[in-house]
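Asker: Start from the sequences, fold in the hints, and give me the full structure.
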Amino acid sequence: MKTAQALPPRLLDAGESGLVVEFGDTIDEQVNREVIALADALDALQLDGVCEIVPTYRSLLVLFDPLVLSREALRGHVLALWPPRADGRPSHGTRHGPSHGTGHGTWRVPVAYGGEHGVDLDHVARLHGLTTGEVIDLHSRAEYRVYMIGFAPGFAYLGGLDEAIHTSRRTDPRLKTPPRSISIGGRQAAVSPPLEIPSGWHLLGQTPVRTYDPTRAERPFLFAAGDTIRFTPVPQAEYAALCRAAEAGEIIAEWEPA
Amino acid sequence: MGACLVIDRPGLFSSLQDFGRFGYQRFGISASGAMDSLSMQAANLLVGNGRGEATVELTMLGLSAVVEGGPLRLALAGADMALAINGTAADGWRAHHLAPGDRLEIGAARHGMRAYLAIAGGFDIAPTLGSRSTHSRSMIGGVDGRAVRAGDRLPARGESAGPLLALPAPYRPRGEGPIRVVLGPQDDFFTREGIATFLSARYRVSDKVDRMGAQMEGPAIAHAGGFNIVSDGIMNGSIQVPGNGRPLILLADRQTTGGYPKIATVIGPDLWRLGQARPGDEFAFTAVTAEAAALAAVEHERRIAAMAARMIECAPAGAALSSESLLAHNLIGGVCSALDPMSEP
Numbered sequence: 118m119k120t121a122q123a124l125p126p127r128l129l130d131a132g133e134s135g136l137v138v139e140f141g142d143t144i145d146e147q148v149n150r151e152v153i154a155l156a157d158a159l160d161a162l163q164l165d166g167v168c169e170i171v172p173t174y175r176s177l178l179v180l181f182d183p184l185v186l187s188r189e190a191l192r193g194h195v196l197a198l199w200p201p202r203a204d205g206r207p208s209h210g211t212r213h214g215p216s217h218g219t220g221h222g223t224w225r226v227p228v229a230y231g232g233e234h235g236v237d238l239d240h241v242a243r244l245h246g247l248t249t250g251e252v253i254d255l256h257s258r259a260e261y262r263v264y265m266i267g268f269a270p271g272f273a274y275l276g277g278l279d280e281a282i283h284t285s286r287r288t289d290p291r292l293k294t295p296p297r298s299i300s301i302g303g304r305q306a307a308v309s310p311p312l313e314i315p316s317g318w319h320l321l322g323q324t325p326v327r328t329y330d331p332t333r334a335e336r337p338f339l340f341a342a343g344d345t346i347r348f349t350p351v352p353q354a355e356y357a358a359l360c361r362a363a364e365a366g367e368i369i370a371e372w373e374p375a
Numbered sequence: 038m039g040a041c042l043v044i045d046r047p048g049l050f051s052s053l054q055d056f057g058r059f060g061y062q063r064f065g066i067s068a069s070g071a072m073d074s075l076s077m078q079a080a081n082l083l084v085g086n087g088r089g090e091a092t093v094e095l096t097m098l099g100l101s102a103v104v105e106g107g108p109l110r111l112a113l114a115g116a117d118m119a120l121a122i123n124g125t126a127a128d129g130w131r132a133h134h135l136a137p138g139d140r141l142e143i144g145a146a147r148h149g150m151r152a153y154l155a156i157a158g159g160f161d162i163a164p165t166l167g168s169r170s171t172h173s174r175s176m177i178g179g180v181d182g183r184a185v186r187a188g189d190r191l192p193a194r195g196e197s198a199g200p201l202l203a204l205p206a207p208y209r210p211r212g213e214g215p216i217r218v219v220l221g222p223q224d225d226f227f228t229r230e231g232i233a234t235f236l237s238a239r240y241r242v243s244d245k246v247d248r249m250g251a252q253m254e255g256p257a258i259a260h261a262g263g264f265n266i267v268s269d270g271i272m273n274g275s276i277q278v279p280g281n282g283r284p285l286i287l288l289a290d291r292q293t294t295g296g297y298p299k300i301a302t303v304i305g306p307d308l309w310r311l312g313q314a315r316p317g318d319e320f321a322f323t324a325v326t327a328e329a330a331a332l333a334a335v336e337h338e339r340r341i342a343a344m345a346a347r348m349i350e351c352a353p354a355g356a357a358l359s360s361e362s363l364l365a366h367n368l369i370g371g372v373c374s375a376l377d378p379m380s381e382p
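Respectively, the protein sequence lines represent chains A and B.
FYI, in my numbering the residues of the first sequence are 118 to 375.
FYI, in my numbering the residues of the second sequence are 38 to 382.
Hint data in this document are derived by calculation from the structure and do not stem from the laboratory.
Note that the structure is a prediction, hence the values are computed from the model and not measured.
Ideal placement from N, C-alpha and C gives every residue a C-beta, glycine not left out.
One should not assume that every hint holds.
Said to hold, decoys possible - On the chain A side, residues computed to face chain B include the following (Cβ under 7 Å): (1) V171; (2) F268; (3) A269; (4) F338.
Unchecked claim - Just the calculated beta-carbon pair ranges, DEER-fashion: (5) D139/B x G303/A: 32 to 38 Å; (6) D182/A x A352/B: 56 to 62 Å; (7) R225/A x D161/B: 40 to 46 Å; (8) W199/A x A259/B: 41 to 47 Å; (9) A126/B x S187/A: 47 to 53 Å; (10) A259/B x E280/A: 25 to 31 Å.
To be verified - Which stretches of chain A does chain B cover? Using the computed rule of at least three CB atoms under 8 Å from a CB of chain B, they are: (11) 126-137; (12) 142-155.
Answerer: As structure tokens, then:
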């Protein structure tokens, strides 16, 4: 746990009802841990007037009602939580969002690599002088951390991609990418929700898992910032059957609490 | 089967909207919600609803519909769209009773961009993730996660009986002067001259304007250095300035995170004016402190309370107004204080 050297966060204004708590300006695991630890701690306080908390890579956006909670009081609460506990304290069923309910843990996500599921797999392999099998190994052996959910519903930005397959984004982003894509861009990896989204990242595979399903009352979103993700290759032949199970409501991904 | 509105012409883009969906931006879900929440609240108050009940937000061109199954009480507020009931012109900013078989027609906006159609009791459509607001890109809210289509049946949840309220013209929302902003959170990404440009020039709404945001045209704002940041949270009214130096104001359907520096944030009380902006409209921006913005939010609540307090009961359309009813509802008093309508709590 890092405390002594860490600088306190910068508190920035976002209109009358937003406070930005900024821990850094880079993509960095330690910074992201601090963001999520503070988000969890603030969630646990259940402050009246806090409407919602949006953790990102390197900062926290706290939306509040200035008629109920003053900016000064909110700043005081935030600074009193500094330094945050770095143990990933879980936030159980808070008012500020349907948090996990079970704290942070590890998801095992099945992936059908290559072919129609991952049209860029061959290209990525060629680019790095690897076989497609090696790319699949490198991608599926790593342990990823969900840095942030954003851009699209349930879209998970992951850190932890093996350096050997760091790959610059495409120069011509696609306006539509297949739902449930597993992709990489630069130093990052991602899991797409079951929606077609624009993206300039390289498509390695697809998962049957529906990471976003607004009709799944108890868990519309599977992942939360701070979770760990591991990918498990599955034969392309099994993909369709797993998808059917997912459409029928099965979660498919396996969850191991921390 | 209760009353419902059966849509036969959906208009340009008509979608169910309430205050928006909160608590899910951390999962990548845009808050969405009414672009002009002031008019949405007025429409609700006119039919006796809670201020945040879901309404149909109409864009540029309204819908037409037929009432089926039972009577309805409804009101239209916001942009000045021609309203007709059974072919007879009717007023906005007041409630109307409609009987089964009655036909509602809402035309093009003569001023403004968006109008809000509220029905007494609200629409009997189940909320998704705590809100009825439609966000078509997430495929949630409203009718099956999409804008209203011809053939849709929008069922009413409540009782149609109730007073016919009207809001006299002096108490309707008016927007004047510059749009107020709080500088930051990334104003340090701009030169002093860049910020001076932003606060002194007039910016025109381009034709790239929708529920996601408004691309503004005008003098380029100078960045101090780079114009990429590691993505962080975006709120309603965040003003991003990408490499071309032109401000992009993010609105209801904004993405939850973004990677351009944000020079300022439009304060909540002024956001409704952007919801009514048309391409070609010009705005200036003025900076206020976060403390002044918080006071403006208090004042904004007072304005809404004043709006509610100034609603008067009126006779059904077509019936003659009696002097008793005018006196009984203090219309005269309302008109007399019209010179400074928002001065009262």
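Asker: Each hint needs a verdict: does it hold in this structure or not?
Answerer: Outcome of the hint check:
The criterion of a C-beta within 7 Å of any C-beta in chain B is met by V171/A, whose closest approach is roughly 4 Å, and the hint holds. Checking F268/A against chain B by beta carbon gives a least distance of about 6 Å; that is within 7 Å, so the hint holds. Using the Cβ-Cβ criterion of 7 Å, the hint placing A269/A at the interface with chain B is satisfied: the shortest such distance is roughly 5 Å. Restraint check, F338/A versus chain B: the minimum CB separation of about 4 Å is within 7 Å; hint holds.
About 59 Å separates the C-beta atoms of D139/B and G303/A, a value inconsistent with the hinted range of 32 to 38 Å. Taking the beta carbon of each, D182/A and A352/B are about 39 Å apart, not inside 56 to 62 Å as hinted. A hinted range of 40 to 46 Å for the beta carbons of R225/A and D161/B is consistent with their spacing of about 41 Å. In this structure, W199/A and A259/B break the distance hint of 41 to 47 Å, their C-beta atoms being roughly 34 Å apart.
Taking 47 to 53 Å as the suggested C-beta distance range, the pair A126/B and S187/A conforms, at roughly 48 Å. Range check, A259/B to E280/A: Cβ separation about 37 Å, and the 25 to 31 Å hint is violated. Interface restraint, the segment 126-137 of chain A with chain B: holds (8 residues with C-beta to C-beta distance below 8 Å; minimum three). With 3 residues carrying a beta carbon less than 8 Å from a beta carbon of chain B, the segment 142-155 of chain A meets the three-residue requirement, and the given coverage holds.
This entry does not satisfy hints 5, 6, 8 and 10, going by the numbered hints stated previously.
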